[in-house]
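Engineer: Sequence:
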Amino acid sequence: MLNKIIKILTPIILIVIIIVIGFKAYKNTLDTKNNPLSIIPTNSSLILQLNNLNQTTKNLNKYDIWDEVSSINIFENFEVKINNLNSIFQENVNVFNSNCMHISLCKTGSNHSDFLYVTNFSNKENKDLETIVSLFGNVNGFNTYDNKKIFHINNNEKIEYIAFYKDILFFSPSKLLIENTIKQIPSNESLLNVPSFSNTYNTINKSANINLYINYNSILDLSKIYFKNLNIPPNFSEWVSTDIKFKNNAIISSGFSSINKLNKNFTDILNGQDPEKIEIINLIPKTTSFLLCLGYNKNKILFENRKQYLEEHNNFWSWNKKIKQISDSSGVNYFELFNQLEHEAGSFSISVNSNINNNFTYIKNKNALKTIGIIQNLILNKSKYLGMTINECKDPYLTKTLFSDKLNFKSPYFTIIEDFFIFSGSKAGIKYIIENYKAGNTLSKSKHFNRSNNYLSSKSNFLLYLNLGRLLPELKNNLIHRYKSELIFNEDSIRNLTAFSIQMSVAKNLLLNNINIFYDNKFQEHLKEEWFVQLDSSIATTPYFVNNHFTKQKMIIVQTQSNRVYALDNEGKVIWNKLIDSKIIGKINSIDVYNNNKYQCLFNTQDQIHIIDRNGNYVDGFPMNLPTKTLLGHSLLDYNNKKRYRIMIVGENNQIYNFNAKGKKVIGWKYSKNNDVIINSIRHFKVNSKDYLLKETNSSNSTLLAINGAKRVEYRHGSFFNKNGIKIDAENGELYAITNEGKIWKANLSGNYTETLIQELNQNSRIEINNSDNSKIIIANAKDIYFINDSLENVSTISFSDTIIDFKLNKNYMLVTSNDELSLFKNETLLKGFPITTDGKFNIADIDNDNSINIINIKNNSVYNYELID
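Going by our numbering, the sequence shown opens with residue 1, and the numbers climb by one from there.
Just so you know, not all the hints are guaranteed correct.
Stated by the list, open to error - Once the Cα atoms are required to be at most 20 Å apart in a straight line, the calculated SDA-like pairs of lysine to any residue come out as: (1) Lys711 - Arg683; (2) Lys247 - Ile494; (3) Lys261 - Lys324; (4) Lys261 - Lys183; (5) Lys183 - Leu37; (6) Lys841 - Leu527; (7) Lys277 - Lys183; (8) Lys783 - Thr797; (9) Lys149 - Pro186; (10) Lys776 - Phe825; (11) Lys808 - Ser689; (12) Lys665 - Ser681; (13) Lys410 - Tyr397; (14) Lys528 - Pro186; (15) Lys727 - Thr739; (16) Lys743 - Phe825; (17) Lys438 - Ile494.
None of these hints come from the bench; they were simulated from the model.
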């Protein structure tokens with residue numbers, strides 16, 4: 001009986017189990033969510049997959065890097081958007097129980113792009129779709145496209161469009177993007193069917209909070225919409241699928257992209273290579289803001305892949321023809337040259353504005369001497385600079401010819417450093433590389449680069465490095481005008497974003513991608529190299545500043561050895577240049593000839609006075625011939641700041657000539673010359689409303705004149721002064737000098753003076769008036785600077801390793817030159833970033849009215865602008 005019961009119950013139980021399992025399977029089928037990626041347009045450039053929207057919004061502000069990144073308005077708007085969406089999701093968990101959001105950036109037409117937001121929804125409560133739409137804003141009706149409703153909503157006065165497909169809800173500010181998405185759905189086109197996407201999609205970490213998918217080709221193509229003069233070669237790489245992790249100071253995105261064995265994309269040519277250590281960072285300047293490197297170790301495979309890549313895009317014939325033409329004309333065997341290359345090739349750019357091409361390319365060679373022998377017939381000219389050779393090459397696109405249009409910079413000049421051939425579009429560019437290499441100012445020695453470098457692998461096959469803090473302002477300037485208002489950021493806020501990098505390494509049939517953004521909370525840039533300019537020949541004069549009434553900024557005026565005078569604006573651009581007959585003597589001043597707040601520049605040569613306006617045109621009556629030649633610079637005097645100018649010239653005949661701003665002799669000038677040789681330009685100072693003009697000789701018989709040229713104070717003949725000359729303390733009505741006997745000569749306005757012996761002073765000692773709380777005067781002697789009080793007692797000392805050549809005071813700053821170095825002090829403290837290299841000609845001012853001091857420095861015969869950063 002029991003056996004019969006068991007026999008009857010067993011099939012019944014099995015049937016029940018099958019029914020239960022089947023029901024659960026059926027139920028699970030009903031509950032299975034459609035993948036939002038299945039409807040996202042295949043032309044998407046970037047897709048952000050937020051797998052846990054609620055967790056993401058909570059976590060973002062935990063990280064310092066997000067605070068920095070979100071200071072850029074695009075990311076700030078993104079945060080606001082996902083926070084609003086998260087609020088909707090959390091208030092309606094029964095509808096949006098997946099808590100997942102896909103955000104896709106898509107091109108919409110030839111000149112537009114927009115975001116598509118895609119998520120799953122649940123409608124177990126059978127709500128009508130309009131009710132779900134109303135969760136996002138006020139519904140303003142709908143239209144039908146391809147038999148699907150597109151709802152219009154008003155969200156904070158912005159119109160958005162929402163549509164549905166099965167259990168997928170998608171919306172966008174672009175109606176066209178919604179229509180394109182609807183159009184794609186029935187076509188069975190899907191990212192999940194695109195091999196370059198699907199092959200890498202399966203490698204993502206399903207438990208990551210955020211996944212990022214990037215189509216490199218699409219995003220590079222999209223960038224052409226926004227940036228002017230952007231020439232980006234196509235076919236770089238396709239989809240990469242990554243997992244995003246946040247650290248306090250870094251956003252790290254790691255994942256894989258695929259390699260196409262047909263070499264359709266540039267990154268495919270890396271197939272078969274082993275990762276290599278990137279060594280160019282040991283040679284290129286710290287100011288590098290863009291670096292692209294290829295690492296390889298198998299020349300033949302790389303060459304074959306490169307050849308197939310060219311054939312794939314119908315470029316091999318033209319490439320081969322060019323090589324044959326150059327080879328036939330020069331006898332250079334490019335294939336032999338290619339075999340000499342090893343490990344590295346690439347390009348880089350510096351973030352310094354200049355009148356040279358800031359783009360460079362490079363290749364590494366097995367043996368530089370052998371390579372130079374192979375290309376000997378390509379070398380047109382050679383010159384030497386700082387002990388290194390600068391070559392001019394017949395093929396200005398040598399790196400492009402050998403490697404890729406990704407290295408497409410016209411670079412006919414090159415030098416060789418440690419088996420690296422570094423190419424530039426100008427000699428000045430090569431000189432800049434040599435200068436920084438010789439000085440040790442290389443990228444590998446940059447602390448902020450090394451801190452970001454900790455997130456990179458030591459070896460790779462491809463490296464892209466960008467210094468965002470330096471590049472973003474430049475990128476904004478290159479935006480097409482109508483988009484400039486859409487990129488807003490504070491330059492000070494983004495300065496610490498010191499690195500964005502993409503690193504790729506071959507891993508079997510895939511490329512491992514590491515994409516990083518690094519925030520350096522320790523980054524401090526005390527001295528920023530803003531720009532440098534190389535002119536027609538070496539610089540002959542100290543740079544001087546002239547007011548530009550049009551821009552409310554300062555022009556920089558210099559003269560070169562060719563006697564050409566240049567006016568540069570605050571960005572280093574040449575406003576005008578003018579060839580004159582001889583060298584400028586002394587200072588260059590601002591003058592308002594017509595008293596209408598429009599300024600001109602004033603200077604003199606040995607036989608003329610020149611006044612030139614901001615456009616480079618002479619003021620009427622100038623240049624004006626002098627009555628006699630002079631060896632001294634002019635003096636520009638404005639006694640009561642009423643622009644009743646006096647221009648004084650000391651002639652070779654020892655006469656003092658007094659002219660007004662129109663070049664006419666001043667009536668009432670009573671100076672009578674004598675045999676005391678005047679050695680310096682006339683200087684004016686005022687004490688207790690009395691004006692004094694210093695007529696300086698090389699001894700204590702110097703004289704103070706009244707403004708009409710009559711004698712006001714005479715000093716009896718006594719000691720002779722060293723070449724430092726007389727310094728004026730206008731605040732206290734005193735004069736100071738150093739005698740040949742090493743004494744401090746101190747005179748007052750009554751005609752009396754004293755001399756005090758100071759040990760170790762000599763012919764080369766220098767003196768400046770300080771009048772600070774701690775010291776009265778400053779003396780430079782040999783390798784020391786002494787701060788002296790009113791009692792001529794030493795208060796403090798600064799010592800240098802080299803003999804001091806010169807020093808100057810400029811308001812709160814002290815500038816000291818020793819050997820070929822310039823040091824800048826404030827309150828007896830050496831400012832960070834100093835010393836810097838100098839030719840000995842420099843000046844400081846705030847040239848662009850941004851409350852930051854600029855140091856205009858002549859170095860290696862180029863004009864450099866550095867900005868002090870607090």
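Engineer: All the hints need checking, so say for each whether the structure fits it.
Structural biologist: Here is what the structure says about each hint:
no.	hint	verdict
1	Lys711 - Arg683	14 Å, holds
2	Lys247 - Ile494	18 Å, holds
3	Lys261 - Lys324	28 Å, violated
4	Lys261 - Lys183	32 Å, violated
5	Lys183 - Leu37	15 Å, holds
6	Lys841 - Leu527	18 Å, holds
7	Lys277 - Lys183	48 Å, violated
8	Lys783 - Thr797	10 Å, holds
9	Lys149 - Pro186	15 Å, holds
10	Lys776 - Phe825	17 Å, holds
11	Lys808 - Ser689	27 Å, violated
12	Lys665 - Ser681	18 Å, holds
13	Lys410 - Tyr397	5 Å, holds
14	Lys528 - Pro186	57 Å, violated
15	Lys727 - Thr739	13 Å, holds
16	Lys743 - Phe825	26 Å, violated
17	Lys438 - Ile494	31 Å, violated
Hints 3, 4, 7, 11, 14, 16, 17 from the list above are not met by this structure, while the remaining hints are.
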